[in-house]
Amino acid sequence: MLLTGAEIIWECLIREGVEIVWGYPGGAILPTYDALSKYEGRIRHVLVRHEQGATHMADGYARATGKVGVAMATSGPGATNMVTGIATAMMDSSPIVCITGQVPTSVIGSDAFQETDVTGVTLPITKHNFLVMRIEDLVPTLRKAFFIARTGRPGPVLVDIPKDVQNKKIEFEWPTEPIRLPGYRPPKQATQDQIERALELIKAAKNPLILAGHGVNMSGAERALQEFAERTQTPVALTLLGKGAMPENHPLCLGMMGMHGAAAVNMAIQEADLLLAFGMRFDDRVTGNLKTYSPNSRKIHIDIDASEINKNVRVDVGIAGDLRTVLDQLNPHVPTLEHKAWLNHIRDWQEDTDQRDIINQVTDSGKLYAAHAIRDLWAATKGDAIVVTDVGQHQMWTAQYYLHERPRTLITSGGLGTMGFGFPAAIGAKMGRPNESVWAIVGDGGFQMTLMELATAAQENVNVNVAIINNAYLGMVRQWQEFFHEERYNATPMLSPDFVKLAEAYGIAARRVTKREEIAEAVAWAESINGPTVLEFVVEKADIVYPMVPAGADLDKMIRRPMPDWSENH
Amino acid sequence: MKHILVALVENEPGVLNRVASLFRRRNFNIDSLTVGRTENPNVSRMTIVLDSNVTRADQVKKNLYKLVNVIQVEEVTEKPHISRDLALIKVKASAEAAWAASRYGARIVDHSDGVMIIDISDDEARIEGLVEALRPLGIIELVRTGVVAMGQGAHVLQPDPAYA
Chain D
1 MLLTGAEIIW ECLIREGVEI VWGYPGGAIL PTYDALSKYE GRIRHVLVRH EQGATHMADG
61 YARATGKVGV AMATSGPGAT NMVTGIATAM MDSSPIVCIT GQVPTSVIGS DAFQETDVTG
121 VTLPITKHNF LVMRIEDLVP TLRKAFFIAR TGRPGPVLVD IPKDVQNKKI EFEWPTEPIR
181 LPGYRPPKQA TQDQIERALE LIKAAKNPLI LAGHGVNMSG AERALQEFAE RTQTPVALTL
241 LGKGAMPENH PLCLGMMGMH GAAAVNMAIQ EADLLLAFGM RFDDRVTGNL KTYSPNSRKI
301 HIDIDASEIN KNVRVDVGIA GDLRTVLDQL NPHVPTLEHK AWLNHIRDWQ EDTDQRDIIN
361 QVTDSGKLYA AHAIRDLWAA TKGDAIVVTD VGQHQMWTAQ YYLHERPRTL ITSGGLGTMG
421 FGFPAAIGAK MGRPNESVWA IVGDGGFQMT LMELATAAQE NVNVNVAIIN NAYLGMVRQW
481 QEFFHEERYN ATPMLSPDFV KLAEAYGIAA RRVTKREEIA EAVAWAESIN GPTVLEFVVE
541 KADIVYPMVP AGADLDKMIR RPMPDWSENH
Chain C
1 MKHILVALVE NEPGVLNRVA SLFRRRNFNI DSLTVGRTEN PNVSRMTIVL DSNVTRADQV
61 KKNLYKLVNV IQVEEVTEKP HISRDLALIK VKASAEAAWA ASRYGARIVD HSDGVMIIDI
121 SDDEARIEGL VEALRPLGII ELVRTGVVAM GQGAHVLQPD PAYA
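So the sequence lines, in the order shown, correspond to chains D and C.
Residues 1 to 570 in our numbering are what the first sequence spells out, letter by letter.
Residues 1 to 164 in our numbering are what the second sequence spells out, letter by letter.
Source of the hints: derived by calculation from the structure; they are not laboratory data.
Glycine included, C-beta positions come from ideal geometry on N, C-alpha and C.
Some clues are possibly wrong.
[Unchecked claim] Computed cross-link-like contacts, DSSO-like style, restricted to lysine-lysine with a CA-CA straight-line distance of at most 27 Å: (1) K291(D) to K61(C); (2) K188(D) to K66(C); (3) K2(C) to K66(C); (4) K291(D) to K62(C).
[As the list claims (entries may be wrong)] Sample of chain C residues lacking proximity to chain D, with all beta carbon distances greater than 10 Å (derived): (5) I82; (6) R84; (7) V143.
[Said to hold, decoys possible] Ranges of calculated distance between the beta carbons of each label pair, as one might list FRET restraints: (8) R231(D) to L157(C): 43 to 49 Å; (9) R180(D) to M1(C): 34 to 40 Å; (10) S102(C) to V107(D): 51 to 57 Å.
I would like the entire structure built from these sequences, with the hints used as guidance.
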């Protein structure tokens, strides 16, 4: 079949199982958009309002479904607008493929109109990228792009396709031979020696602790993890992206670790005599000061990326492999163990944490705290929604107060901390999982970075609900200013538009919530509407996310929420 | 200490850029990096010399493997190997310089306009010895190619036939 390069792009996408492409047309990608009419009904294109939004939507879709998300843009500014979304996907190992138009091969390098060296620009922020100079290379390249994006440690792949390559014709045939990538061999399983050395440490440990990360969700290792934890009676701490790896109502699940993790979890890390790091990478936000990190523990680290092992933390047993495969190798040999004293010790720490928790402090003051808003949203959605956050205080409160029982139900920009991620990623998540209730929890700051995608949600009638936690500040920055910059609140007070009117201007139903008792009804109202909704929660302005490990401090040197003075209120 | 890594990479445009970008963004300092053709037209070979501790060298190796175009990486430092660096050294023509050159087995490949170009191909230590011997005599211009290395005897670095 003689097809143009443009047609071949769609043929390949369809064969790779792509259902939706988020994109924005322009000169250098126009032939591909023109060919779209031939594929109507076989693949859906969603017009975004900014190419960054397209990448976040593809990313949200990928994280919610486990499939590869696809974003498309033109050359030059279209492609450079994708940079933030690509870097976000890179840091969180999210499989996306970005297809960009490029100026014709005859003028590459001449500073042609809308020419940017996009493979150069994105080289350090993609897992791999390609510039397709010959139409003969188009099909093999697109196959490689999807294969690389979804296998091993997943990540973004960009394919830059000059306009003349899109216009040229070639005989199209979907290849049956295996993909030729001589330098690409993701690790799979552990060696027998590694398994034996890990088992020795597991059997010898008195105070073991599992650190479960994003890798659990990505490799589908939740069941294997639970089996291991239950059989060995080992408590499980979660990284931010590891939320969902273990149901948070499970008695062995301690919750989140790190800078804003539960104090009890961080104390347990510091006191443990064995850390089992499963699909996590000892990010500085979870370790604090590396010199004093978990000083008395032996460490077993299982990760798909060999370069993560011994990168930040020296480990005793490092296993580069697919977590699920390795746990399936390990579990048959794992003995039944008990760690009652250790678990009781942790429980004591947890009680202290619970007493300080704002959730357990009754406020009859009429004030609305963000933590309460998010906890009530959790209750009103029965803890079963897919929650997509932006970045900042609301993100940490969501991690603390929206408890997740299932994998792939918390989607958040962890590694890059990309403000503006939440709302578009929620659109992508909802389009990928249309039968799930999807909530974007965003701050007033981050939402304003990508709120133009309200138009996309309205045009496509995406049934996504937005909860804006509006404290009229860039709250996390404000919190750092309060603690570390002597309360000089430079550039953090924020004037926002009337979000309700703004949403309505886009044709989107919206409400404002100012009292705690209104929350359940407002959430039910939003969920009853077939289409996007916006709820603005007007919350206390100066609240702080507790506890907090200051950047670079020892993990157990947390700033704690002061103990409530019960005598005053009760 | 010095670590010599040899990497076989796909002979494709931009691969050198990918490797260089990796070293820059991971903050890996390299002494030298050379790239050239091999017996296989699809494969280029890089020799990378690092001055670092063992952990760091291991990280470099693992990060090189993360690049899709990198087929095989091997550290040759610990194994019996031959390493060669090539230097061209321009000095003021003198009997002392000629004598120093001959002492190191270097060749004088140009002698004109009152200057000489000395050509030496040897391991790094020997080249540094010659450079030090010539320095007091006035080095006018110096260029070195960087190290290339190869394991000795039956030890051969080739792409795994299952993948190449």
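Status of each hint after checking the structure:
1. K291(D) to K61(C): 25 Å, holds
2. K188(D) to K66(C): 14 Å, holds
3. K2(C) to K66(C): Satisfied, since the Cα-Cα distance of roughly 22 Å is no more than 27 Å.
4. K291(D) to K62(C): 23 Å, holds
5. I82: 25 Å, holds
6. R84: 26 Å, holds
7. V143: Holds, because the least Cβ-Cβ distance between V143(C) and chain D comes to about 28 Å, which exceeds 10 Å.
8. R231(D) to L157(C): 43 to 49 Å: 44 Å Cβ-Cβ, so the 43 to 49 Å window holds.
9. R180(D) to M1(C): 34 to 40 Å: Roughly 38 Å apart at Cβ, these two residues keep to the hinted range, so it holds.
10. S102(C) to V107(D): 51 to 57 Å: At 55 Å between Cβs, range holds.
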